[in-house]
Amino acid sequence: MQRRSSGSAVASDPYLSEVLEQPQRLAALGQLWPRAASAARAMLAVRSPTRVICTGMGASLAAAYPAALYLNQHGVPTWWTDTSELLHFGADGVSPQTLVVVISQSGETVEAVRLVERLGGRAPLVAITNDPDSSLAHAADVVLEIACGVEHSISTKTYTASLVVMHRLARLLVQALSDTETEDASAQGLAALVAATDDAVGQWQELASMVGRTLGDATHYIVFGRGPSVASAQTGALIVKEGGRVPAEGMTAAGLRHGPLEMVGACTGCIAFAPASPVSPLTVQLAEEMHVLGAPTVVVSSAAEPALSADLPALHLPPVDAWLAPVLEIVPVQLLVWELARRQGREPGVFARIGKVTTKE
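Just add 4 to the spot in the sequence shown (first one is 1) and you have this note's numbering.
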């Protein structure tokens, strides 16, 4: 694939620059992992947890979802929850046998800081953060750094890096805490993922044009998927609201049939994620129904041979493992946000009412 030059437009656009920077940030994670994994194994050998809690806020919470599914599917009891809810309604249930995994790109998110203060070291704590000198990192038994450098805009590269680190941690935990044997192919999977993501951002102008042309006139959005791709649905809707400033809802594909399908019409932009998964045909079937209802619809697929009708708009991304697909499939939504902001005459990703770090509950 020939990469099109992005020129000065990218250099003057922090949001777009950070979207396009993702492949190199993902590649750098491989160099950090051996030392981090060694520290995690040493902690697990001493603390011997029997269950896991994965928690975060916003995109950080979504980034934990595929790993939580992976852990439960491989025999490690795992609870996935909003940090604020855990702080106020679940902290008393955290025992010394519970491994608490907290994701916060800044390490200073108010709920994360208050949670670790409340836990007071009684449970083993893993911090996944972009700042190894943050309050969260200083309180943790193990710090897994996402190493994204400064992120000026809404969460893009810190989200995808968090997904990768959570996936590698989940594989490590399965090997350490359960009787299930899994081949640790995460290094090979990461290499393929980096290549696929590099291919996708290399086509950023074409992708942005396609999603803008198909979805840009919608007044509201529904973003949906199943399994690991629910993370893409949640984060996709979040950044459309945050960066595109348009109402959006992210949910499971199955959940759409339990009421929300009634609101779908010509003004509803629909984004469906269909990775290489046995359940993706169910998601595609629903997307086709929404297309028939007149809703502008795009299926984002990273399956080698997706079963799609000829008239259903689709973005075909390079094939990747379904557990890692959320890293790749969020890229078109990031570019939709860029298109929406440009159409509104705004600089993409600039905050108007909140800041990069949430310090108020």
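Treat the hints with care, as some may be off.
[Unchecked claim] As a list, the in silico DMTMM-like pairs of lysine to aspartate or glutamate whose alpha-carbon atoms are at most 20 Å apart: (1) Lys364 - Asp202; (2) Lys364 - Asp221; (3) Lys360 - Asp202.
[Unchecked claim] What follows is a set of in silico ranges between Cβ atoms, one per label pair, in the way DEER data are often shown: (4) Val354 - Arg55: 16 to 26 Å; (5) Ser52 - Asp96: 34 to 44 Å; (6) Lys364 - Asp315: 29 to 39 Å; (7) Gln209 - Arg122: 45 to 55 Å; (8) Gln289 - Asp86: 26 to 36 Å; (9) Asp137 - Arg350: 44 to 54 Å; (10) Arg51 - His320: 20 to 30 Å; (11) Thr223 - Ser52: 23 to 33 Å; (12) Ser52 - Thr363: 52 to 62 Å.
Derived from the structure by calculation, the hints contain no laboratory data.
Values in this document were obtained by computation on a predicted structure and should not be read as measured data.
Positions of the beta carbon are idealized from the N, C-alpha and C atoms, including for glycine.
Which hint numbers doesn't this structure obey? 1, 2, 3, 4, 5, 6, 9, 10, 11, 12
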